[in-house]
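Each chain is listed here by its residues.
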Amino acid sequence: MDSDESLVRAYRKGDQTALEALVYKYTRHLYNFVRQYARAGQDAEDIVQETFIKAWKHFGKFDATKSFKTWLFTIARNTLIDSMRKRRETPFSDRENEDGDLLDIPDDRAELPEEAFAALEEKESVRRALLALPPRAREVLLLYYQNDLNFREIAEVTREPIDTVKSRHRRALQALKKVFADRAPKEG
Amino acid sequence: MEHFEDIVGKAIAGAAEEPPEGLSRRVFSAVVRRRRRAAAWKGLAFLGASACAAFAFAYAWRAAGAEFSSSGTFQIASLLFSDFHAVIANWYDFTFSVLESLPIVPVVGVLASVLSFILLAYAAAVNFTTVRRTGRYRTYHYV
Chain A
1 MDSDESLVRA
11 YRKGDQTALE
21 ALVYKYTRHL
31 YNFVRQYARA
41 GQDAEDIVQE
51 TFIKAWKHFG
61 KFDATKSFKT
71 WLFTIARNTL
81 IDSMRKRRET
91 PFSDRENEDG
101 DLLDIPDDRA
111 ELPEEAFAAL
121 EEKESVRRAL
131 LALPPRAREV
141 LLLYYQNDLN
151 FREIAEVTRE
161 PIDTVKSRHR
171 RALQALKKVF
181 ADRAPKEG
Chain B
189 MEHFEDIVGK
199 AIAGAAEEPP
209 EGLSRRVFSA
219 VVRRRRRAAA
229 WKGLAFLGAS
239 ACAAFAFAYA
249 WRAAGAEFSS
259 SGTFQIASLL
269 FSDFHAVIAN
279 WYDFTFSVLE
289 SLPIVPVVGV
299 LASVLSFILL
309 AYAAAVNFTT
319 VRRTGRYRTY
329 HYV
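Just so you know, the protein sequences line up as chains A and B, in that order.
With my numbering applied, the first sequence corresponds to residues 1 to 188, in that order.
With my numbering applied, the second sequence corresponds to residues 189 to 331, in that order.
Next comes chain B alone, as it looks inside the complex:
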């Protein structure tokens, strides 16, 4: 004779209710919509941040230009054209002189703003690509 637990187990398994028609499709569409919306917001945020980075770059570039002209780096570097043999003969001292004359803070500012702009613009592009792809996305059916 079959044990009560087995009978009840089968009865409970058999009593499972069928979900409303199209529920899986609706649920998946809701996930895609949410994903699309989140990607759109993130894309806009990254776009805004990359615009800020572009402004920061413009400012840092101008500041670096002003610093360069007063630092003497150009004058030292111009020895490369006016007295190349002397530069080669004293390349070690020449390199250090150029590095010492470099306005470090504005250079770091320019590099940091360029790097930030590239990364933020890339993140914005990735998110906008997701928005575009999910907009075109059509569901497949696994049932």
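Chain A on its own, in the form it takes in the complex:
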């Protein structure tokens, strides 16, 4: 598959198939990211669609020296936040402070039971565990592990300092560990 740079260049030269290639390349990534926040699949589809329409509208403003993927995820995130605000949902929960940091930081040293490791192999339990996390903590994990963005790119998407992103990633992992530990059946 062609690189983003060559597809962006081709689209700017008038090649319509390049835009289609970009849509096909990133729909799955964006859907996965958005789906974790949208109430229903249809909402996620609408947000993905709106993201690409906004990207097409503002293609002229895109700086080709930067990452297209990061730019696209930034648009998706803003579209998602707008959509949540319209639905009067808060982009962060009561388990986060205003900077998006977790208020209840679990103990990283806690041992994880074997059952919790088994749960990690079930897609549905992983999805449920992710949903149990505060939105911003979930966001970092999704962008990092599902969409292969590095910390610098996540910092660009979320417009936060890279150290904040790194620290949020660490705390999110700790929180996820606690979610799994809490859900594992207690041994008698």
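Derived by calculation from the structure, the hints in this document are not laboratory data.
Warning: the hint list may mix true and false statements.
[To be verified] List of simulated lysine-lysine pairs, BS3-like, C-alpha gap at most 25 Å:
no. : chain 1 : residue 1 : chain 2 : residue 2
1   : B       : 230       : A       : 25
2   : A       : 13        : B       : 230
3   : B       : 198       : A       : 166
4   : A       : 69        : B       : 198
5   : A       : 25        : A       : 61
6   : A       : 54        : B       : 198
7   : B       : 230       : A       : 61
[As the list claims (entries may be wrong)] Cβ-Cβ distance ranges computed for the label pairs, FRET-style:
no. : chain 1 : residue 1 : chain 2 : residue 2 : range
8   : B       : 314       : A       : 42        : 32 to 40 Å
9   : A       : 85        : B       : 303       : 41 to 49 Å
10  : A       : 58        : B       : 191       : 39 to 47 Å
11  : B       : 228       : A       : 152       : 37 to 45 Å
12  : A       : 14        : B       : 267       : 28 to 36 Å
13  : B       : 314       : A       : 87        : 37 to 45 Å
Glycine included, each C-beta is placed from N, C-alpha and C at the ideal position.
Keeping the supplied structure of chain A fixed, place chain B upon it in accordance with the hints.
Only chain B this time, still in chain A's reference frame:
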């Protein structure tokens, strides 16, 4: 032993949900539809503006014609046919006389309206071409 972060990373990556079938095609079709609609509106706007420019040209042309007939430019220019040798001998003075007698404002009006008409009609044509092309456009499949 594998680190917790690696295990969790793989688990999160593996938990990615498959999007509904045909989502990419639907999304791309929506982008094309939006693009087509925007191009149609822009095309109509440019077409309207070019029609205005055409009316402006007609008005400026008539005004320029009236100004020309009273400016004496034609009389001076007619020396080219009646006394060509004198014009050549005094070409410098002749050129200045012609330029001085030109009704500048109507001439600028005519040129500006012609230029506007050409540019606006071109922009309308570009947008209508986009409408026609996107109407025929069939999606390719990259998945």
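Evaluation of the provided hints:
Distance restraint check for residue 230/B and residue 25/A: the Cα-Cα separation of roughly 30 Å exceeds the 25 Å cut-off, and the hinted pair is therefore not satisfied. Annotation: proposed proximity of residue 13/A to residue 230/B holds, straight-line Cα distance about 21 Å (limit 25 Å). A hinted pair counts as satisfied when its Cα atoms are at most 25 Å apart, and residue 198/B with residue 166/A qualifies at roughly 18 Å. With a C-alpha separation of about 21 Å, the suggested pairing of residue 69/A with residue 198/B holds against the 25 Å cut-off.
For the suggested pair residue 25/A and residue 61/A, the alpha carbons sit about 21 Å apart, so the restraint of at most 25 Å is met. For a cut-off of 25 Å, the pair hint linking residue 54/A to residue 198/B is broken: about 32 Å separates their Cα positions. For the given pair, residue 230/B sits about 20 Å from residue 61/A by alpha-carbon distance, which is consistent with the 25 Å threshold. As the Cβ distance of residue 314/B to residue 42/A is approximately 36 Å, the hint placing it in 32 to 40 Å holds.
One distance hint, 41 to 49 Å for the beta-carbon pair residue 85/A and residue 303/B, holds here, with the actual separation near 47 Å. Range check, residue 58/A to residue 191/B: Cβ separation about 40 Å, and the 39 to 47 Å hint holds. Under the hint 37 to 45 Å, the C-beta atoms of residue 228/B and residue 152/A, about 41 Å apart, fit the expected range. A hinted range of 28 to 36 Å for the beta carbons of residue 14/A and residue 267/B is inconsistent with their spacing of about 53 Å.
One distance hint, 37 to 45 Å for the beta-carbon pair residue 314/B and residue 87/A, holds here, with the actual separation near 39 Å.
In this structure, the earlier hints numbered 1, 6, 12 are contradicted, and the remaining ones agree with it.
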